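Given next are the chains, with one letter for each unit.
There are 2 protein chains.
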Amino acid sequence: MKRKLLFWGMPAALLAFIVSSCASTEALVIKEQGAFSAGGAVISTEGNFDPHIPFFQPQGGQTRHGDHADVFYQIPVNAKPYSMVFLHGAGQSRRTWQTTPDGREGFQNIFLKKGYSVYLVDQPRRGDAGQSTVSAAIDATPDDQVWFTQFRIGPWPDFYEGVQFPRDEKSLDQFFRQMTPNTGDFDEDIISSGIAAVFDKAGPGILFTHSEGGGPGWQTAIKNENVKAVIALEPAGFPLPHEENSENPQNISMDDFVKLTKIPIIIYFGDNIPANETDIFAQNFWRMVLNAAKEWAETVNRYGGDVTLVHLPEISITGNTHFIMSDLNNQVVAEHIAYWLDEKGLK
Amino acid sequence: MKRKLLFWGMPAALLAFIVSSCASTEALVIKEQGAFSAGGAVISTEGNFDPHIPFFQPQGGQTRHGDHADVFYQIPVNAKPYSMVFLHGAGQSRRTWQTTPDGREGFQNIFLKKGYSVYLVDQPRRGDAGQSTVSAAIDATPDDQVWFTQFRIGPWPDFYEGVQFPRDEKSLDQFFRQMTPNTGDFDEDIISSGIAAVFDKAGPGILFTHSEGGGPGWQTAIKNENVKAVIALEPAGFPLPHEENSENPQNISMDDFVKLTKIPIIIYFGDNIPANETDIFAQNFWRMVLNAAKEWAETVNRYGGDVTLVHLPEISITGNTHFIMSDLNNQVVAEHIAYWLDEKGLK
Numbered sequence: 018m019k020r021k022l023l024f025w026g027m028p029a030a031l032l033a034f035i036v037s038s039c040a041s042t043e044a045l046v047i048k049e050q051g052a053f054s055a056g057g058a059v060i061s062t063e064g065n066f067d068p069h070i071p072f073f074q075p076q077g078g079q080t081r082h083g084d085h086a087d088v089f090y091q092i093p094v095n096a097k098p099y100s101m102v103f104l105h106g107a108g109q110s111r112r113t114w115q116t117t118p119d120g121r122e123g124f125q126n127i128f129l130k131k132g133y134s135v136y137l138v139d140q141p142r143r144g145d146a147g148q149s150t151v152s153a154a155i156d157a158t159p160d161d162q163v164w165f166t167q168f169r170i171g172p173w174p175d176f177y178e179g180v181q182f183p184r185d186e187k188s189l190d191q192f193f194r195q196m197t198p199n200t201g202d203f204d205e206d207i208i209s210s211g212i213a214a215v216f217d218k219a220g221p222g223i224l225f226t227h228s229e230g231g232g233p234g235w236q237t238a239i240k241n242e243n244v245k246a247v248i249a250l251e252p253a254g255f256p257l258p259h260e261e262n263s264e265n266p267q268n269i270s271m272d273d274f275v276k277l278t279k280i281p282i283i284i285y286f287g288d289n290i291p292a293n294e295t296d297i298f299a300q301n302f303w304r305m306v307l308n309a310a311k312e313w314a315e316t317v318n319r320y321g322g323d324v325t326l327v328h329l330p331e332i333s334i335t336g337n338t339h340f341i342m343s344d345l346n347n348q349v350v351a352e353h354i355a356y357w358l359d360e361k362g363l364k
Numbered sequence: 018m019k020r021k022l023l024f025w026g027m028p029a030a031l032l033a034f035i036v037s038s039c040a041s042t043e044a045l046v047i048k049e050q051g052a053f054s055a056g057g058a059v060i061s062t063e064g065n066f067d068p069h070i071p072f073f074q075p076q077g078g079q080t081r082h083g084d085h086a087d088v089f090y091q092i093p094v095n096a097k098p099y100s101m102v103f104l105h106g107a108g109q110s111r112r113t114w115q116t117t118p119d120g121r122e123g124f125q126n127i128f129l130k131k132g133y134s135v136y137l138v139d140q141p142r143r144g145d146a147g148q149s150t151v152s153a154a155i156d157a158t159p160d161d162q163v164w165f166t167q168f169r170i171g172p173w174p175d176f177y178e179g180v181q182f183p184r185d186e187k188s189l190d191q192f193f194r195q196m197t198p199n200t201g202d203f204d205e206d207i208i209s210s211g212i213a214a215v216f217d218k219a220g221p222g223i224l225f226t227h228s229e230g231g232g233p234g235w236q237t238a239i240k241n242e243n244v245k246a247v248i249a250l251e252p253a254g255f256p257l258p259h260e261e262n263s264e265n266p267q268n269i270s271m272d273d274f275v276k277l278t279k280i281p282i283i284i285y286f287g288d289n290i291p292a293n294e295t296d297i298f299a300q301n302f303w304r305m306v307l308n309a310a311k312e313w314a315e316t317v318n319r320y321g322g323d324v325t326l327v328h329l330p331e332i333s334i335t336g337n338t339h340f341i342m343s344d345l346n347n348q349v350v351a352e353h354i355a356y357w358l359d360e361k362g363l364k
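Top line first, the protein sequences correspond to chains A and G.
All letters in the first sequence, in the order written, are residues 18 to 364 by the working numbering.
All letters in the second sequence, in the order written, are residues 18 to 364 by the working numbering.
Source of the hints: derived by calculation from the structure; they are not laboratory data.
Because the structure is a prediction, the values reported are computed rather than measured.
It cannot be assumed that every hint is accurate.
Chain copies aren't distinguished; within one or between two, either way the pair holds.
Straight-line C-alpha distance at most 20 angstroms; calculated SDA-like pairs for lysine to any residue [unchecked claim]:
(1) Lys364 x Ala314
(2) Lys131 x Glu49
(3) Lys97 x Arg184
(4) Lys48 x Asp119
(5) Lys48 x Ile92
(6) Lys240 x Glu122
(7) Lys218 x Ser188
(8) Lys97 x Glu186
Generate the whole structure from the sequences, applying the supplied hints.
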């Protein structure tokens, strides 16, 4: 308000000069940006280390720091009080949120421009957080077409009609190159501890998860009270208390489950998940996940929770793939999220 | 000049208001930022892909896109005409340039604030560029102390006297966690092709290399004319023409060598590289590299080149480790680089 009044009293030409002197409305004005590692473990070997010995001769008495999350963060000027922490899905890295296959702005820039601080994570044992406390084997067998199909761009080599994915070769090339392998076994407990440590630094904030990141995302919300809301894009797992389901591999205690009833949660699913079985495995797979999500939302809400499930085609937002945050209509989805955050007092 | 004159005519209070309305001089004003993959290869398998089959059943007729570089870039408003591309060393990622172990600003922020566009690379088969066309095994044997010693922080567990490295435990923890493994064999040709492809996008610019990145750095300058200068921090390899040295494994043709005589090059080495042999392997190793660098600089200059070799202690900048860009005095070194760039007309 104060600034508005000041501007009001100025001649138009001077005002124009000020605006052009400052960042344009399109520019990002970053107060602080940097990188850090969060959480992690240390393993060590017996023996005494001798610094005289050449680096290529194996010797004991050493440590290995690994299993941390890797974070790049940006804090805009006049940042909102809530940070946003972004956790990618299977085979992906923070790239998921940085851009889109056709080079438009990703959720990183979109929410920075809305005034949120952003914390972009590579989860433990992935990408720049590659240092692991366990050894690993990486297999380079070609599987791009499997993921194209499983991520519901289309049943390769076809695209779904009206799909919100660019059809040019360059975009598809960029999309395939987003994949990056695990450098140690996927471990939900290790990952959620890493992301919880990110929230120690980020402070009170909103956790975005995608796909396989959904599971560790719920665990992060249980582990750190700084998680004030979860926005889950097609999460692939849903933890229930033993009392509700004794067979769910994601089972948790009632005490932990109750924590998930204390924060607002919104879950998004995209298009091409038909209500009935088809002959394409990927569609049936996601229908089962969507049904599990519906059941989970009902259960959490029955315990006093606040879960909203949005199946995008039901609100006339159509054509979305599994990568809702980088689809051609990602700005539309971002506005829906912004509206929900406003409604929940997290603006 | 125009802006200065406009400011000159304004009352001091209004000027103060404008400055506070704009980004502070400490803030970064980013016109554009994003991420992309550059270069890379595609491998494929025989057969026909059937999209009806579940993702977990192996099948042929597929591709794998890998061996690209992963890039995060930022272009400030009123950017200088030359971009800066940053290539890390062995076991490292772009983190090398993003920050310092004690959380101060890295070369990314320092040179952004000087008005350069920055392109931060994870080289092919490392970090977020983890997708490789070859399989790999990652060994998690503890070796932190080897690298502490080899990177000349000190002969573990000691620090060198006056070393420009923070001595608190938290900083050392962050430093160790910067390491991230190869996800495929190190391949100088693949890496330099990836970085050359980054220069296709970045345009005319300055290449920073560190350590193991030195080798692919020279190759990048040979492969892409957009490389207008190279700033090499303790590079570990030096290519010579066959005519000069028939035994150097980095041998190149005279045609390629001559390309390195056409651009200004500056090479930095840090402290604790004694002129005479000591009982610490790491010190002797770097003395040999420094001597090779001196010889190389003389050879390139004899062919009409413009190589400057700076052994920092000789100009009274002391205590530097192998990580010159993130040492406690990294701002001092950055100013030295800025002065050199100015001298070479690359400001």
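Hint-by-hint comparison with the structure:
1. Lys364 x Ala314: neither (23 angstroms within a copy, 57 angstroms between copies)
2. Lys131 x Glu49: both (16 angstroms within a copy, 16 angstroms between copies)
3. Lys97 x Arg184: Answer is neither: 37 angstroms inside a copy and 35 angstroms across each miss the 20 angstroms cutoff.
4. Lys48 x Asp119: Classified as between: cross-chain Cα gap 19 angstroms, same-chain 28 angstroms, threshold 20 angstroms.
5. Lys48 x Ile92: Cα proximity of lysine 48 and isoleucine 92: in one copy and across copies (6 angstroms, 16 angstroms).
6. Lys240 x Glu122: neither (31 angstroms within a copy, 30 angstroms between copies)
7. Lys218 x Ser188: Only across copies: lysine 218 and serine 188 sit 15 angstroms apart there, 35 angstroms inside one copy, limit 20 angstroms.
8. Lys97 x Glu186: neither (39 angstroms within a copy, 32 angstroms between copies)
Hint compliance for this structure: hints 1, 3, 6 and 8 are not met, and every other hint is.
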